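Participant: One letter stands for each residue in the lines below.
4 protein chains.
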Amino acid sequence: MKLRILVTGGTFDKEYDELGGRLFFRDTHLSEMLERGRSRLEVAVETIFMVDSLEMDAEHRARVLEACRRSFEDRLVVTHGTDTMVETAAALAEGLADVDKTVVLTGAMVPYAFGSSDGLFNLGSALSFVQLLPKGVYVAMNGRCFAWDNVRKNRELGVFEAIR
Amino acid sequence: MKLRILVTGGTFDKEYDELGGRLFFRDTHLSEMLERGRSRLEVAVETIFMVDSLEMDAEHRARVLEACRRSFEDRLVVTHGTDTMVETAAALAEGLADVDKTVVLTGAMVPYAFGSSDGLFNLGSALSFVQLLPKGVYVAMNGRCFAWDNVRKNRELGVFEAIR
Amino acid sequence: MKLRILVTGGTFDKEYDELGGRLFFRDTHLSEMLERGRSRLEVAVETIFMVDSLEMDAEHRARVLEACRRSFEDRLVVTHGTDTMVETAAALAEGLADVDKTVVLTGAMVPYAFGSSDGLFNLGSALSFVQLLPKGVYVAMNGRCFAWDNVRKNRELGVFEAIR
Amino acid sequence: MKLRILVTGGTFDKEYDELGGRLFFRDTHLSEMLERGRSRLEVAVETIFMVDSLEMDAEHRARVLEACRRSFEDRLVVTHGTDTMVETAAALAEGLADVDKTVVLTGAMVPYAFGSSDGLFNLGSALSFVQLLPKGVYVAMNGRCFAWDNVRKNRELGVFEAIR
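As you go down the protein sequences, you meet chains V, R, H and L in turn.
Residue numbers for the first sequence follow this note's numbering, beginning at 1230 and rising by one.
Residue numbers for the second sequence follow this note's numbering, beginning at 1230 and rising by one.
Residue numbers for the third sequence follow this note's numbering, beginning at 1230 and rising by one.
Residue numbers for the fourth sequence follow this note's numbering, beginning at 1230 and rising by one.
Excised from the complex, chain V in its bound form (with noise of 0.2 Å):
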């Protein structure tokens, strides 16, 4: 089974800049977490942008759709930014709804290139619902899975809970 991750920034593949003493982006950290990870999976990476999810607008969604639908594989793993993931979710649904593919969305709420982060935790954790699970869009956060329908972040407590 080959799977496709695409990347879009996010917390994830934040990293510190020691000059200006701020967050940004530089490269995606997806191949040294499944390096890390020892992941013996057949997966493509692909870099689609790299934002801030709260930067990400229509376009933005429309070319991660588009990756989505062009994609040769039919399980994906989408890198997502934690603020607006469960818009980007239910635009692909929506987009999604005509072809048979899996798509599960991910995140971190610290930076993988900080020590404590839960990007490792998350990474493992989508690409084993996305290998299960059947056609639909989902968020994989907190060790749990979510239908894209079903999902809100508690902003208050940082996690992801059901609706209902």
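Think of the hints as simulated: they come from the structure by calculation, not from any bench.
Take these hints with a grain of salt, some might be off.
[Said to hold, decoys possible] Derived pair list, reagent style PhoX-like, types lysine-lysine, alpha-carbon separation capped at 25 Å:
#	chain 1	residue 1	chain 2	residue 2
1	L	K1231	H	K1382
2	H	K1364	H	K1330
3	V	K1382	R	K1231
4	R	K1231	R	K1330
5	L	K1231	L	K1364
6	R	K1364	R	K1231
7	V	K1330	V	K1382
8	V	K1231	V	K1330
9	L	K1330	L	K1382
10	V	K1364	R	K1364
11	L	K1382	H	K1231
12	H	K1231	H	K1330
13	H	K1364	L	K1364
14	R	K1382	R	K1364
15	V	K1231	R	K1382
16	H	K1382	H	K1364
17	R	K1330	R	K1364
18	L	K1382	L	K1364
This one's a predicted model, so the numbers in the text were calculated from it and none came from an experiment.
We have chain V already, so just place chains R, H and L on it with the hints.
Facilitator: Relative to the frame of chain V, chains R, H and L by itself:
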């Protein structure tokens, strides 16, 4: 859905003894790992024992089996040394044939306490697989999931692979 | 020999706020760092305030000076943001001209809480220099030690260098 | 001022062999450590050998002494296992009595490759002490610096202490 993690030791939980200069077991790191992963799963963590899996014998495996059988939860993750993980999986499969439980064994090639460990990735993976897989015993390593009777550890490469 | 560490914030002690996605101050990491370094020095740690050094003004510097003056210890390390470390060093040199104290300022380019920080190296360095240097005010960064009036931060390279 | 670091192995440079599940030596981490510390010192790194200091004999010590003697630099740091660091310090003190060199031995209680190592702290410390100390042989551990003939390793506590 409530899960249970059974801890048996293995590389996962090894630490560096700075007085003796060798690796040893103290407490499990599971709670710390679940916290780092921002896990929101309902999960009970139970340490059965902490041993190197090369030192596990039939009596050890009987205790793991007993813990699986008496667990109220139907879905269990067992952390285990990689060297004899497949043997324990076989013992559990035989002993759990008559009950409706899903058991996923996982471990690590590098101790969690070392920066470069695959442990967090594997834990995220095992906790995800266990939520979806039907009754049975499985091994989750390298981002993949294997049925207990179709997996072996390739000792030269340090990875798990399907037999057929 | 008893030492005192005065904490003023700076990159050294910044953390990642996972709810807000920005860097902030909580508690100092000094005790944790001394423990990691297996320090056996007699050292008192005193947090004066925790600010970004770009926000430090004359009043802040007066408080650092006051803490140096009233300290029972003759040898002090001041942790400080790198951007205005040299200005504070100059203020301390002027205000401590009449007392017999050795003060070494140090900081970090990357927060200690991030895996790749230079903080532990700099702390080991500053605590060593302060034990040997004669009365005066110094900056310890990049493994080197500079007199307060012969150092500047090269903002393009993110390093400290001698002026002449 | 140009410095030289002589690498002899020790806990400092041990790594985890994930195939064999044991600790071993590969390459020294000194360059990586100097980079992490943003060191701007002029420093040559020379690996003499990589051994556990319990395996060091008179012949090994003769090679370290020879490297100290032939070094163009007058100030040297020797990374060394902690178990016999004091013996090597004594051998160097005897063999260097007639030359004007400052040698500081240092090491680590926990390998640098493990997240919780004291190595970076000790390296920052040793590189600082060596720049200021007069001719002689010293041990820098636990943030402190000891003359070669006034130090012992307290094996119960895992720390270095003065004899008198």
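Participant: Honestly, which of those hints from before does the structure not fit?
Facilitator: When the structure is compared with the hints, none of them turns out to be violated.
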